[in-house]
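Residues per chain are reported as follows:
There are 2 protein chains.
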Amino acid sequence: MNIIVDAMGGDYAPEAVVKGCVSAAKDFDINLTFVGVKEKIQAVLQNCNYEREKITVVHTSEVIDGDDDPTVAIRQKKDSSMRVGLKMLAGGEGDAFVCAGNTGALIAGATLIVKRIKGIRRVALAPIMPSETGCFLLVDAGANAECTPSFLKQFAIMGSIYMEKIMGIRNPRVSLVNIGSEEAKGTPLVVDTHKALKEVPFHYCGYIEARDIPKGDADVVVCDGFTGNVILKFMEGMGMVFYDMLKEIFYKNIVTKLSAVAVKGGLKKLKKTMDYTEYGGAPLLGVSKPVVKAHGSSNEKAFYHAIRQAVMCVKSNLVDEITDNIQKYGDDPRKETR
Amino acid sequence: MNIIVDAMGGDYAPEAVVKGCVSAAKDFDINLTFVGVKEKIQAVLQNCNYEREKITVVHTSEVIDGDDDPTVAIRQKKDSSMRVGLKMLAGGEGDAFVCAGNTGALIAGATLIVKRIKGIRRVALAPIMPSETGCFLLVDAGANAECTPSFLKQFAIMGSIYMEKIMGIRNPRVSLVNIGSEEAKGTPLVVDTHKALKEVPFHYCGYIEARDIPKGDADVVVCDGFTGNVILKFMEGMGMVFYDMLKEIFYKNIVTKLSAVAVKGGLKKLKKTMDYTEYGGAPLLGVSKPVVKAHGSSNEKAFYHAIRQAVMCVKSNLVDEITDNIQKYGDDPRKETR
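Protein chains in written order, with numbering that gives the first Met the number 0: chain A, 0 to 337; chain B, 0 to 337.
Because the hints were derived from the structure by calculation, they are not lab data.
A couple of the hints might just be wrong.
Claimed, not checked - Dumping the calculated DSS-like pairs for lysine-lysine here, alpha-carbon to alpha-carbon at most 27 Å:
#1 A:164 - A:184
#2 B:246 - A:268
#3 A:263 - B:251
#4 B:18 - B:53
#5 B:270 - A:232
#6 B:18 - A:268
#7 A:314 - A:86
#8 A:18 - A:194
#9 A:214 - B:214
#10 B:263 - B:251
#11 B:256 - A:267
#12 B:271 - A:214
#13 B:256 - A:246
#14 A:267 - B:267
#15 B:246 - B:194
#16 A:214 - B:194
#17 B:270 - A:270
#18 A:214 - B:53
#19 B:271 - A:232
#20 A:251 - B:194
#21 A:263 - B:270
#22 A:232 - B:53
#23 A:314 - A:327
Stated by the list, open to error - Quick list of the computed label-pair ranges, beta carbon to beta carbon:
#24 A:239 - B:205: 18 to 26 Å
#25 B:182 - A:46: 19 to 27 Å
#26 B:247 - A:256: 19 to 27 Å
#27 B:252 - A:66: 30 to 38 Å
#28 A:197 - B:45: 48 to 56 Å
#29 A:256 - B:252: 45 to 53 Å
#30 A:194 - B:118: 33 to 41 Å
#31 A:267 - B:111: 48 to 56 Å
#32 A:182 - B:296: 18 to 26 Å
#33 B:183 - A:26: 54 to 62 Å
#34 B:260 - A:327: 54 to 62 Å
#35 A:194 - B:92: 39 to 47 Å
#36 B:92 - A:263: 56 to 64 Å
#37 A:182 - B:38: 45 to 53 Å
None of the values given here were measured: they were computed from a predicted structure.
Note that beta-carbon positions come from the ideal geometry of N, C-alpha and C, so glycine has one too.
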């Protein structure tokens, strides 16, 4: 198996990318292809212990930045690490692609270059999020600000397959975000999706209110990309505020600092529970080959887990599973034309 | 000044309602009219110390429950405390109405019975939410799952006036929830509202990403009611999960329990920071007389603050302020017909 990696994506590229991925490659016994500025990648590799024949470096001269306009950048930066990596994936030179770069560009590039699975209407960004009792998949977290019921139905199917095949959760509980639990409550989008999801032979549990998401009441949380992005970022923001406040409490004086020592283990566990790096990145569901979006602020550990995730996607034939199920259940009877 | 109170609304009615409101009435030197089951109200009043002539009790035989269908209940339960209270407000028998009952029924009832301010397209639910640096107004938090740019524009205007007049924040920072900071990002609703808000002479600061909301980067956070309800409930859920985890950490053993004592003050402050009861309830913005929705789980303190809030609305002529500003700036040039 060969995983292609955009060595230039993310806040700590290429150092954290190369180190984290090489470490994972050894553990999972796979090959890697790093795409990016050769000298920079080689400089990091020099300090890594690895089998030379298992790692390839492909030089590219351009980088897509976080500030770049996604669709413009992916079309115009022809020699960017992201675009070249996606081209290689599409051309069969690797089995999966891992990238921590510009999210919009990656979604646009994966759709344009690697293409969607046949029958899939939209590619979804589906991060694994921490909850009190484990984790859940949020789909869509921002790839599609506007959705139709058939998009959401497909997101639910893909999310369920992902949580079962990759995260090992049997019969994942799939829920649809709504602002109440009554049947008729919510927008037409939600009400129509609810009807459509009842017809699908997955474990659809109905509506979930946002209050119950952090508790871990669902394994797959389905919503439009606007709502999903708000949830993703609000969770991030709340987490940061909580930590700031706790830090302030414990750093106050010598007594509080001592008490911090006593609960150190517990606080560490709390932090770990709320730590996305444990789970790797966000798969782009619906692309015809596995593409994993690592968080922009990914450290070595996060890249390690993103590689693990990509390996799991390849090994479990995720794309074939999705293709089969979308053919069977993913088509909307009303044949939306959007 | 006379504030009408639905004595039967909320989880701890009528005890917490009556006690909290009586205590506030004494401090702010106002009259109260409790609407609800007379014997139950009188039973609580017996244990309260108050001036008899300042408190009136109006007997009603019905109660609108949390599970009732809002529009059906408000039309059919003619002798419910909520409906009778709203009728009295509309008829001029009081200056404001405070109620912790069924939110949907209260919004429907306020719109049908008390009516909207002239020119206002939709009534918005606008809770005061805690942030790291203070508090912010979330508008709309669920009254309108679907919105148009002109609804949101009016929400922004009303929210700004509320934060200035009631919360004493000079020139409140008004922001619009979006999933990115680029001009063209987001749904057509958001992009069009952004354009409209730039024309209004309030302190409009542009888009806010959900990540920056808990930090307190805006005083008025504007969004459609679906998004707002997700934010409101997600914050509630995250808070609960966080407390559960902290509790677990500190209750582990004798050493951690001792360390909890050292940081007790800090944790209490943290809890207070995240405590909605400090701020009272959510005003229903756009109604032609002040209506305050107290949280369903309001305790005495929350009712105290809800009364304080209602008193402030009356004293500051909030409704007149909104009326004037909506006449000047609230009309959408494109004259939406919805």
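Structure-based check of each hint:
{"no.": "1", "hint": "A:164 - A:184", "result": "violated, 33 Å"}
{"no.": "2", "hint": "B:246 - A:268", "result": "holds, 13 Å"}
{"no.": "3", "hint": "A:263 - B:251", "result": "holds, 12 Å"}
{"no.": "4", "hint": "B:18 - B:53", "result": "holds, 14 Å"}
{"no.": "5", "hint": "B:270 - A:232", "result": "holds, 22 Å"}
{"no.": "6", "hint": "B:18 - A:268", "result": "violated, 42 Å"}
{"no.": "7", "hint": "A:314 - A:86", "result": "holds, 21 Å"}
{"no.": "8", "hint": "A:18 - A:194", "result": "violated, 47 Å"}
{"no.": "9", "hint": "A:214 - B:214", "result": "holds, 22 Å"}
{"no.": "10", "hint": "B:263 - B:251", "result": "holds, 16 Å"}
{"no.": "11", "hint": "B:256 - A:267", "result": "holds, 17 Å"}
{"no.": "12", "hint": "B:271 - A:214", "result": "holds, 22 Å"}
{"no.": "13", "hint": "B:256 - A:246", "result": "holds, 18 Å"}
{"no.": "14", "hint": "A:267 - B:267", "result": "holds, 21 Å"}
{"no.": "15", "hint": "B:246 - B:194", "result": "violated, 46 Å"}
{"no.": "16", "hint": "A:214 - B:194", "result": "violated, 38 Å"}
{"no.": "17", "hint": "B:270 - A:270", "result": "holds, 19 Å"}
{"no.": "18", "hint": "A:214 - B:53", "result": "violated, 46 Å"}
{"no.": "19", "hint": "B:271 - A:232", "result": "holds, 24 Å"}
{"no.": "20", "hint": "A:251 - B:194", "result": "violated, 45 Å"}
{"no.": "21", "hint": "A:263 - B:270", "result": "holds, 20 Å"}
{"no.": "22", "hint": "A:232 - B:53", "result": "violated, 49 Å"}
{"no.": "23", "hint": "A:314 - A:327", "result": "holds, 22 Å"}
{"no.": "24", "hint": "A:239 - B:205: 18 to 26 Å", "result": "holds, 21 Å"}
{"no.": "25", "hint": "B:182 - A:46: 19 to 27 Å", "result": "violated, 43 Å"}
{"no.": "26", "hint": "B:247 - A:256: 19 to 27 Å", "result": "holds, 21 Å"}
{"no.": "27", "hint": "B:252 - A:66: 30 to 38 Å", "result": "violated, 50 Å"}
{"no.": "28", "hint": "A:197 - B:45: 48 to 56 Å", "result": "holds, 53 Å"}
{"no.": "29", "hint": "A:256 - B:252: 45 to 53 Å", "result": "violated, 19 Å"}
{"no.": "30", "hint": "A:194 - B:118: 33 to 41 Å", "result": "holds, 37 Å"}
{"no.": "31", "hint": "A:267 - B:111: 48 to 56 Å", "result": "holds, 54 Å"}
{"no.": "32", "hint": "A:182 - B:296: 18 to 26 Å", "result": "holds, 25 Å"}
{"no.": "33", "hint": "B:183 - A:26: 54 to 62 Å", "result": "violated, 43 Å"}
{"no.": "34", "hint": "B:260 - A:327: 54 to 62 Å", "result": "holds, 60 Å"}
{"no.": "35", "hint": "A:194 - B:92: 39 to 47 Å", "result": "holds, 45 Å"}
{"no.": "36", "hint": "B:92 - A:263: 56 to 64 Å", "result": "holds, 60 Å"}
{"no.": "37", "hint": "A:182 - B:38: 45 to 53 Å", "result": "violated, 37 Å"}
Checked against the numbered hints given earlier, the structure breaks hints 1, 6, 8, 15, 16, 18, 20, 22, 25, 27, 29, 33 and 37 and satisfies all the rest.
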